[in-house]
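K.L.:
Below, each chain spelled out in residue letters.
2 protein chains.
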Amino acid sequence: MTINTPLIHIPSLSAFGMKDVWIKCENMQVTHSFKARGAANAVAKLPKKVMGVITHSSGNHGQALAWAAKQKNIHCIVVVPENAPKVKIAAIGKHGAEIIFCAPGIKSREAAMQAVINNNGYHFIPPYNHHDIIEGQSTCAKEMLLQNSQLEVILAPVGGGGLLSGTLVACEQKAVDVFGCEPEAADDAYRSLLSGKMEDPGNPQTIADGLRTGLGEITFSIISKNVKGILTVSEEEIIQAWAFAIHNLKLIIEPSCAVPLAVLKKYSHLFANQSIGIIITGGNVDMERLPSSQDAEAYLCQ
Amino acid sequence: MTINTPLIHIPSLSAFGMKDVWIKCENMQVTHSFKARGAANAVAKLPKKVMGVITHSSGNHGQALAWAAKQKNIHCIVVVPENAPKVKIAAIGKHGAEIIFCAPGIKSREAAMQAVINNNGYHFIPPYNHHDIIEGQSTCAKEMLLQNSQLEVILAPVGGGGLLSGTLVACEQKAVDVFGCEPEAADDAYRSLLSGKMEDPGNPQTIADGLRTGLGEITFSIISKNVKGILTVSEEEIIQAWAFAIHNLKLIIEPSCAVPLAVLKKYSHLFANQSIGIIITGGNVDMERLPSSQDAEAYLCQ
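From first to last, the protein sequence lines stand for chains A and B.
Residues in the first sequence are numbered consecutively from 1, following this note's numbering.
Residues in the second sequence are numbered consecutively from 1, following this note's numbering.
Hints were generated in silico from the structure; no laboratory data involved.
You may find that some hints are simply not true.
Identical chains share a label here; the pair holds if one copy fits it or two copies do between them.
[Stated by the list, open to error] Here are the simulated DSSO-like cross-link-like pairs (lysine-lysine), alpha carbons at most 27 Å apart as the crow flies:
{"no.": "1", "residue 1": "Lys-48", "residue 2": "Lys-19"}
{"no.": "2", "residue 1": "Lys-225", "residue 2": "Lys-49"}
{"no.": "3", "residue 1": "Lys-94", "residue 2": "Lys-266"}
{"no.": "4", "residue 1": "Lys-48", "residue 2": "Lys-107"}
{"no.": "5", "residue 1": "Lys-19", "residue 2": "Lys-142"}
{"no.": "6", "residue 1": "Lys-94", "residue 2": "Lys-265"}
{"no.": "7", "residue 1": "Lys-266", "residue 2": "Lys-225"}
{"no.": "8", "residue 1": "Lys-49", "residue 2": "Lys-107"}
{"no.": "9", "residue 1": "Lys-265", "residue 2": "Lys-228"}
{"no.": "10", "residue 1": "Lys-48", "residue 2": "Lys-94"}
{"no.": "11", "residue 1": "Lys-72", "residue 2": "Lys-86"}
{"no.": "12", "residue 1": "Lys-49", "residue 2": "Lys-228"}
{"no.": "13", "residue 1": "Lys-142", "residue 2": "Lys-94"}
{"no.": "14", "residue 1": "Lys-72", "residue 2": "Lys-49"}
{"no.": "15", "residue 1": "Lys-72", "residue 2": "Lys-48"}
All figures in this text were calculated on a predicted structure; none of them were measured in a lab.
Make a model of the complete structure from these sequences and hints.
P.N.:
What follows is the structure in C-alpha cells.
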C-alpha cells in the first residue's frame, strides 16, 4: 500500500510573494518517490496470470515496480542505464528485482528490454506512458486537494510526463492551474508544446536525473490539452533550490524535486498572492553528492 | 518570529504497535531547532535598556539567542565549548553574534561567561534553567495539541530539561503522558529522579551532543513533580534511530532527536495502541558525519 504523504506548509517559501506555499512530501512515500503510486496501480490492474513484469527506468520507477511486484509475489526485471545513481540501483535490488544494465538513452533501454520480452513474455509496465500509471500518479494531486482545498496552483516536474498527466487528470474539474516544471537542459516538453508535436529529448545533461526522459504519446496528448504552461529553469537555479531544500528545509530530496522550487522563485510574478502546492517527487539521492550550504543561501536572495 | 512547524503522521513508526505516531518538525523551525522559541520569549521579556545579552551553549541555544537578539538589534555574545559541531558554531556567527570558546563542561562555560558579565554587565539568558525560556519552549507542545488534540503521549528528549519542562507545563491540564528521553551515557535526569536530588552530569560521552548538559534547579523541580518517567537508550539504539530518520524518513535531524525515536522502539510496550507525539528537536548536524543506511535498516527490525 502506498501512503498518504504529508502536505507541509513552508512559511519561508512565501518570501517570493505567494499567499502560502505547501509541499507534498513524496520523498516520504513508500520507495521514497511518487512512482510507487503508478506502479501499485498498474500491478493491481494486471491480468490474473502473468509470467512476470519488466520495465526500464533511471531508477525510481524501477524501484517502485520492484516493490509493487513483490507485494503480489510477481517476478520483476528492471533495465537500468549504467549512469543511474547508485542508491537507486541498490534499492531496486533490495526489493528483489532482477537488474539488467544498458547504455543511457531511451533507445538503448527499449532495445535491452525488448530482447527480454521476446525471450520470456514478461508484461511490460512502462515508466509513464500508460493509462494505469497515469491514473496511479493522479492520486498524489487528489490527496493534495483533500489535504488543502484552497490550493490554486500545483507545480509538478515533467520528465516523461506521467506525474504531470496524473496531476492534470486530478485537477480536471477543479479551479487549479497546473504548471509543468522542466530543466532548460532537458526541455523537450517545453519545445513540444511550442511546436505542437513531440520533440526529441536527445540525451540531456541535467543534474535532475529523473527528468532526462522525453514525453510519450499519451502524456503529450494529456499535457498539451490541459497544462497551464511549461516553465524552465537553469542548472544553477536547480542546484540553489536543491541546496535550500537540504540545508534550510532539512529535507532530503532528489535534484529533480528542486525544479519546481526553482520555478517558484524564477516565475514568482505568476504566483503572486496565491496558494501554491509543490510536488516533492522523491528522496533517493546519493548522500555523498549533496549540494553545499553556500548554494542554499543563494536561493532566498532576490 | 518563530514558526508553527508541521506535525507529520509517520505510518511506518506505528510498526511498533502504536495507534499512530506523529513527529513535530522543529528541525524546520527558525534556526533549525526548538531553542528559537525559548530565546525569542526571553528576549521579548528583557528590561527595556540592556547593554547586550550573553549565554553559554553547545550550539542551538547560542544560535537561537543570536537570532532572537538580532531581531531586536541587541548585541549578543555566545560562549561555546570547543567540541561543539562546526555547523552550529558557523550558524551562531551567521546571526551576527560574537563567539568566545571555552573547554567542554558546564563549569568552564560558566567561568568564561562570568568573566564577560563582570566586565560589561551583559544580561545572561541561560539555555534552559529560566522561566522565560521554559515558557517559550512550552509553545511547542501547545502547538502539537492544537494540531492533533488526540495525542495521548508526548516524548521529548531531556538534556538541561528546558524543553521537557515546557512540555510538562503545556500538558499540565491535559490527559497527556509526557516522558523524558535520555541517552544512557548522559542519564543524570534518570538518576536525579531516582535519588530525588540533582545528580552530577559529569562530562558525558554521547553522540547526542544536545543532551550532554545536566538539569537545572528549576527544570529539576518541574520535571520531578510532573514527568511520567525518564526512559534511557544506548548509543547503538540512538544511532539506528538517527539513521532511520535520515535514510527512511528523509529528514535531516540531529542525533539528539533520535533519542525519543529510539525510546519509541525500545519501550514500545508502554505505548501500545496509543497516539504518540515525538518532538524532533533540531536539524543542525555536520552533513559529513551522517549515519549509514545499514544502521537505518536495523531500526525497523524487531
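K.L.:
Against each hint, give a clear statement of whether it holds in the structure.
P.N.:
Results of checking the hints against the structure:
no. : hint              : result
1   : Lys-48 x Lys-19   : neither (48 Å within a copy, 35 Å between copies)
2   : Lys-225 x Lys-49  : neither (36 Å within a copy, 64 Å between copies)
3   : Lys-94 x Lys-266  : between (38 Å within a copy, 26 Å between copies)
4   : Lys-48 x Lys-107  : neither (30 Å within a copy, 71 Å between copies)
5   : Lys-19 x Lys-142  : both (21 Å within a copy, 25 Å between copies)
6   : Lys-94 x Lys-265  : between (37 Å within a copy, 23 Å between copies)
7   : Lys-266 x Lys-225 : within (24 Å within a copy, 54 Å between copies)
8   : Lys-49 x Lys-107  : neither (29 Å within a copy, 72 Å between copies)
9   : Lys-265 x Lys-228 : within (17 Å within a copy, 47 Å between copies)
10  : Lys-48 x Lys-94   : within (25 Å within a copy, 61 Å between copies)
11  : Lys-72 x Lys-86   : within (26 Å within a copy, 48 Å between copies)
12  : Lys-49 x Lys-228  : neither (41 Å within a copy, 55 Å between copies)
13  : Lys-142 x Lys-94  : neither (30 Å within a copy, 41 Å between copies)
14  : Lys-72 x Lys-49   : within (12 Å within a copy, 69 Å between copies)
15  : Lys-72 x Lys-48   : within (11 Å within a copy, 67 Å between copies)
In summary, the structure is inconsistent with hints 1, 2, 4, 8, 12, 13 from the numbered list given earlier, while agreeing with the others.
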